[in-house]
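Heads up: the protein sequence lines correspond to chains A and B, in order.
Heads up: the first sequence at position 11 corresponds to 11 in my numbering, and the numbers run straight through without jumps.
Add 1000 to a position in the second sequence, counting from 1, and you land on the number used in my numbering.
Careful, some of the hints might be misleading.
Claimed, not checked - Short, incomplete list of chain A residues facing chain B, as computed with Cβ under 7 Å: (1) L43; (2) G53; (3) V60; (4) P61; (5) G63; (6) Y64; (7) V88; (8) S98; (9) G108.
Hints were generated in silico from the structure; no laboratory data involved.
All residues carry an ideal CB built from backbone N, CA and C; glycine is no exception.
Here are the chains, one letter per residue:
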Amino acid sequence: TAGITQAPTSQILAAGRSMTLRCTQDMRHNAMYWYRQDLGLGLRLIHYSNTAGTTGKGEVPDGYSVSRANTDDFPLTLASAVPSQTSVYFCASSERASGANVLTFGAGSRLTVL
Amino acid sequence: GQNIDQPTEMTATEGAIVQINCTYQTSGFNGLFWYQQHAGEAPTFLSYNVLDGLEEKGRFSSFLSRSKGYSYLLLKELQMKDSASYLCAVSTDDYKLSFGAGTTVTVRA
């Protein structure tokens, strides 16, 4: 089934450790995004990429980094995890970065930092 | 920052109608989206409005008034499977989506 694959589904991480959340799409979408979802706060944009080779900062980028080496992959890295990064992380993509850019979401990665 | 408000929770009976309101104050406006999210699952696209008026899609309709910074999602003939969170999202000046916190709708038999 076409769509977005995220890994891992769930992870428990010790504070101070690094972690990379993987995201792969097979729809040849130009734009990709990383959101975090916390109870009562809704989805907040961490980083985005309008097209392969470019990235940008969203609303809550501190403590996270991304890369977009090709169209399909958009990994999110936490260099040194802190408990406030405990959240559910959703990767999303859209055909274009402007206009009626409908987002398709992955199933999410639940991260717990202790 | 962006300000997108929607009620936290709503409860309705199977077969009834529920209207979820969303008000927004954002930096620019390039359209308003509604997404549905079942517990433990990914959000899925429901509707998109960029011009004022009503868009109808089966049992779901979405309305937009840009001058009032207001939208609503109307769910008709409610079914148990409609129990979910409904997310209002605004495409702002850089075409990035800012989301409200979501409205949890519980459908009772």
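Hint check:
Hint status for A/L43: holds, given a least beta-carbon distance of 4 Å to chain B, under 7 Å. Among the interface hints, the one on A/G53 is violated; its C-beta lies about 18 Å from the nearest C-beta in chain B, farther than the 7 Å criterion. Checking A/V60 against chain B: minimum C-beta separation of about 11 Å lies over 7 Å; hint violated. The restraint placing A/P61 at the interface with chain B is violated, with a minimum CB-CB distance near 12 Å, outside the 7 Å limit.
Interface hint status for A/G63: violated, as the beta-carbon distance to the closest one in chain B is roughly 19 Å, over 7 Å. Checking A/Y64 against chain B by beta carbon gives a least distance of about 16 Å; that is not within 7 Å, so the hint is violated. Because the beta carbon of A/V88 sits about 9 Å from the nearest beta carbon in chain B, more than 7 Å, this interface hint is broken. Against a cut-off of 7 Å between C-beta atoms, the interface hint on A/S98 holds, since the closest Cβ of chain B lies about 4 Å away.
Restraint check, A/G108 versus chain B: the minimum CB separation of about 6 Å is within 7 Å; hint holds.
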